[in-house]
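Make a model of the complete structure from these sequences and hints.
Number of protein chains: 4
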Amino acid sequence: MSGLPRPLRVGMVGYAFMGAAHSQAWRTAPRFFDLPMAPAMAAVAGRDPARVAEAAEKLGWQSAETDWRRLIERDDIDLVDICSPGDTHEEIAIAALEAGKHVLCEKPLANSVAEAERMTAAADAAASRGVFAMCGFSYRRTPALSLAKRLVDEGALGPLRHVRAQYLQDWLTDENAPLTWRLDKSKSGSGSLGDIGAHVIDAAQWISGQNITGVSALLETFVKERPVGGDFVGLGGHGGAEGPKGAVTVDDAAVFSARFDGGARSAGGAGPSGPIGVFEATRFALGRKNAMRLELNGSKASLAFDFEDMNSLWFYDAADEPNAGFRKIQVTEPEHPYTGHWWPVGHGLGYEHAFTHQAVDLIEAIAAGKQPAPSFADALQVQRVLEAVEASAADESRWTKVEGA
Amino acid sequence: MSGLPRPLRVGMVGYAFMGAAHSQAWRTAPRFFDLPMAPAMAAVAGRDPARVAEAAEKLGWQSAETDWRRLIERDDIDLVDICSPGDTHEEIAIAALEAGKHVLCEKPLANSVAEAERMTAAADAAASRGVFAMCGFSYRRTPALSLAKRLVDEGALGPLRHVRAQYLQDWLTDENAPLTWRLDKSKSGSGSLGDIGAHVIDAAQWISGQNITGVSALLETFVKERPVGGDFVGLGGHGGAEGPKGAVTVDDAAVFSARFDGGARSAGGAGPSGPIGVFEATRFALGRKNAMRLELNGSKASLAFDFEDMNSLWFYDAADEPNAGFRKIQVTEPEHPYTGHWWPVGHGLGYEHAFTHQAVDLIEAIAAGKQPAPSFADALQVQRVLEAVEASAADESRWTKVEGA
Amino acid sequence: MSGLPRPLRVGMVGYAFMGAAHSQAWRTAPRFFDLPMAPAMAAVAGRDPARVAEAAEKLGWQSAETDWRRLIERDDIDLVDICSPGDTHEEIAIAALEAGKHVLCEKPLANSVAEAERMTAAADAAASRGVFAMCGFSYRRTPALSLAKRLVDEGALGPLRHVRAQYLQDWLTDENAPLTWRLDKSKSGSGSLGDIGAHVIDAAQWISGQNITGVSALLETFVKERPVGGDFVGLGGHGGAEGPKGAVTVDDAAVFSARFDGGARSAGGAGPSGPIGVFEATRFALGRKNAMRLELNGSKASLAFDFEDMNSLWFYDAADEPNAGFRKIQVTEPEHPYTGHWWPVGHGLGYEHAFTHQAVDLIEAIAAGKQPAPSFADALQVQRVLEAVEASAADESRWTKVEGA
Amino acid sequence: MSGLPRPLRVGMVGYAFMGAAHSQAWRTAPRFFDLPMAPAMAAVAGRDPARVAEAAEKLGWQSAETDWRRLIERDDIDLVDICSPGDTHEEIAIAALEAGKHVLCEKPLANSVAEAERMTAAADAAASRGVFAMCGFSYRRTPALSLAKRLVDEGALGPLRHVRAQYLQDWLTDENAPLTWRLDKSKSGSGSLGDIGAHVIDAAQWISGQNITGVSALLETFVKERPVGGDFVGLGGHGGAEGPKGAVTVDDAAVFSARFDGGARSAGGAGPSGPIGVFEATRFALGRKNAMRLELNGSKASLAFDFEDMNSLWFYDAADEPNAGFRKIQVTEPEHPYTGHWWPVGHGLGYEHAFTHQAVDLIEAIAAGKQPAPSFADALQVQRVLEAVEASAADESRWTKVEGA
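Protein chains in written order, with full-length UniProt numbering: chain A, 1 to 405; chain B, 1 to 405; chain C, 1 to 405; chain D, 1 to 405.
Possibly wrong hints are sitting among the right ones.
[As the list claims (entries may be wrong)] In silico negatives: residues of chain A with every beta carbon more than 10 Å from chain C:
| id | residue |
| --- | --- |
| 1 | E73 |
| 2 | G209 |
| 3 | G262 |
[What the hints assert, rightly or not] To give an idea of the interface, some chain A residues facing chain B are shown, with a C-beta separation under 8 Å as derived from the structure:
| id | residue |
| --- | --- |
| 4 | F222 |
| 5 | V278 |
| 6 | F284 |
| 7 | L286 |
Treat the hints as calculated values from the structure; they're not laboratory data.
From the three backbone atoms N, C-alpha and C, an ideal C-beta is built for every residue, glycine too.
Structural data, given as structure tokens:
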């Protein structure tokens, strides 16, 4: 490498779970990948002065701000990384893009389609000026899912018949788990649907190369009221059964069937009709901790993935018949996406590595002056699916077209 | 044992896949279980004289008949075992019951709710005379599923939140697999829905102790025409791509969401609402050969089963937390349902053993003068779910109540 | 089928666990396979008149004898099936062969090499007269292991490097499990070594196509005394901790390393040296119920099997790299050994099916006038490995050549 | 935390695979754990000026040195982290300790027992002056193995019967994989035995709380010569089959049986005899990429682990019988070792996290003035087992006592 790479000075908004993951990514990316720009952890923003200062030190940011607007005003910030709750995304992202800052925005992109549309318009406008926006569907960068995408793109699966997508967690099973911001619709937009369902919607559309065109859905809130306060442990925790309770205003579980557009985008080829999808997102699947699962059945091959065994991709190739079987590919080979930059084969990666890969891909796109993926438009499409799901659930599960499909 | 047990003389209609399984069951049951009546394989009926004679010899039946009506006329037949296609069930079963013969009828009970209702009325009338009818949902007698039922009945799971039920096969993935009677609606009633979906509907209702009250459904026929004739291999085969084709008149895949009745019947206790169900049946899940899968998530414990590993039941008990995990119970212990009659622990059983257990339970019920389960009424309830699924699919997936629920 | 096949009239000695398995095999074989001879269950022999009569009725034998010598005298017996303990094998087998009866003898062939040598000599002499002997290493006929053998024979694995063989059970873990004949060296010859270790030795040699040439071994008896009497449950049970105890005279666990002969017999090709083997047999592996496991690592492919998931064979093919992985082949395809005679794909078989396949292969060999496998000579080779293991264990684990290797 | 923690200034020797892992650990530890001292990445040492400078920049070290002696001379280095090959460990470690630097030394501690003894003597002397040495058996800090240790210490397993330990890799399966320093005995000390076998020896002794007292062993070098040079990929690669070859002077595979001391150290209780161990380390287990596996069978419970699924621990508790089964514990709960500092449940960790945990534990021990574990004495014990294995293999596998046992 001749000369030092240009810096990419990052300002991050929010410093909770996602903030910690993004911080680790910015810090780690240049240590394992050769990057065309050097990320610098310039500033982190949060409202509480003491807590944001502590977070800056802990997470390794050079400075702290108590108003995200300061990040946008500062000349020494090139990219704004939005890790705050969904109800803040629109304002921050649009302001940042208009100020010429690149944007990485956590998912779901917004709490409504209208917000997402305005954000996408702002992103499109910015892109024409070489300022780029990306949405943080980080699971795309899990090596096993990246390999799944590659196999589909290569045509290995042939026309798709089925997409089976689940995101199963169990941290609300306890009826006295406390009421958190994630259960407040005004903050989070939706419950399991937007929080985890959005991940599998994005992954299913991205890997299949097809958009969802319509859905039939059911939403359920099993526990209508929960204790205010309580001991938080992980995402959930244990509330006091005796104390005051507040209303849960989001879904505990979301299930829907879907049709895909048949895939002009798919290298597998466009059959007369696309696959049928079955989606499920829940926080009540006792024993399933982070079971983000995808299964695609094509005419030539099938794929299956479960994040609880995140370094493996299961692949069934009909060409192997009669001695075919789902093979457990350990996605740790030098030839596999991302993994050659890390450890020898069989030495698995963890959850946060996908964030590092996301940072790498974003830096490379910005340096090359190209639109990173997923774009805000990609995320808007997910948002439209979420909206269709809610509309169907509110209308006796009736089949509901996804806007624009 | 002092004295010989009374005989139970069986006449079987049909001798294909199901006929072979039932024959093995009647032959094997008295060798491993102490039975109150001694099953005798008296006669098998089929239309083709040469083929039914050959089947009688091969499968071990003492005589052959070319008309099922002869079985009903014969004095030396106590029970009629119906293994012929669904469009024949009503006539045979009602005639047999009216003639005072006990009946074991393969599933699905009938090709329509109207048929099933008439059959159930006949069964109820016969029961009052000590003549009993049972429907052959044999999977109930797979030891792992019987253990699942026992655990739910004991209250181990607590209130249920989710039922996840799949029956995935792949024998129609090849677009040139031949057109068989299973793809002809006039013979089979429906496709994957009635053939394999019915199994998971019955299993889910039986194990949960709850009925499905409503559904939202989608049916799909991926391949609309298939070769007439061709080489049959297993259930599917390879047709000639060049020859004449005929229309597929049944579904290739069926998916639906469901609600359960909350379970007055469930020992787990009746919450204000029952669990949400997600069901899928397909013959296009490439690589899944006989993946009859059930997962129940309760508030205290969860269960998971996959027939492709049929001797295991996975059980997650929240009481084990923080060192909880799905345990792979090998359902081969002497204390487990049925298994103590067979081999030492860890020496697994196979597919046909459930048929033997079904024969055992039926014989014991008849000898005791008690109604065997599943009754025709139980099977009628499954039929009503199938009907609701078809109605919803025909009405834009709109939520559809199950009749009688 | 024109004309009736010749009968093969069987007389069985012993009617416990193995007797029940063999009975089911003789009864079932003609129902699923087209056989050149028709097995008839002519007589069963045991010492206790009442119990053998009851067993005959229960297991379906036409007559009972209280002395095995009567089976040999009877003209209407063509084959003697020896299911009694190992200390009786030599006398019965030699007498039967000399009387012109074919013999199927349970494993281990004998309790000593000397006995096995005399039996092999008798078998060789009989074979020259068209009278055949076979040893019941039934696991060879488990379809997944038969497929493993086929793959090795086809050269799919290339030169072998490692054989990993375990047979893990846990029914002696309880220190008060009762003293049974299996723990009495005078009856059983050895403990885990001969009972279950013999199975994996045979399987490893047969599948690899190579003989073991030398071993280094360790034997251990963890619990030296056990209660006399007690409640038997399965193979083990629960004795009274308070009552009298007797000495355990066999090994509880056996472990040894081995070298193979490099495989002139192996289609995989003979490298300059054969693979290294690691063997373990124990009844103290708590939680492992019947984990009969084999793993072969070749230069081109690897295989893995565990009887606790008996319908699957795991196959890793280096030709699939970099997207290789162990594939879980469901050994239920029509093209797989034996399975096409049973159920559709994915409808697994159970433990006893291997006995049926053994009966089929034996009947076909006899009808064709060919030596069935495994021969007594094959079983003698296993016996010599057992002897070398015991010799090495008694001599500070020193490397010990297998006789004749 | 009031005030800034004291720094712990680290100087690292070597910057290859292990150097990258250690660098990531020093960088990451303070971001997720509250540490009593603040690690500073002061300097990295290597012989090639250009390459070490590049490594310093890439891996994030503040300065570079071309002689490890400079690290020892520098006043601003508190700890020397030795990541160079085994033949360099003794000289560096002893010099560092004598200079008052704490030492973290990669495993295996040395290439001979004599070296390890001198290092241990130096460590003991240093410890009396508050200067500490630790050996980098990093797998101990994999959360699942830490939980295994905790369960054994709590007595959950009862007296142990079996230890089954494998470390299976496949990167030498290709006969033309190139000759690297890992295949040169003068550099690496041994092959699979010391490289990966040492890991499972340490883990087995540490978790069981028992030392190995004797062994019977077999070593094998399947491929005696390999190409000099070639394309390195991961640990292995593809050499030119045509070019010059050099001798492989280490073992390709090592297998041995072992006895343990019965465990005065074990909370599980000291039976009259300890468990039997079966160990295997190989680089020829085609398809096994990093299968570092342990299974412990006790009288009350069993444990199983495979690094290829590193976030899970399988646990069988006999108290669950008859519904017992190996439970797949996802070791990601807040209550589990280390994991509460990272992500929500079910969001797994990767290979390098164990190095971060190692750094954390080392920093805490140094700050507390306590001996970190594993000490050099612990590593010396592993070295003595390695020596006994080599001695036994050279003496016809004869049983060989471990020195000091």
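Hint by hint, where does the structure go against what was stated? Just the numbers, ascending. none
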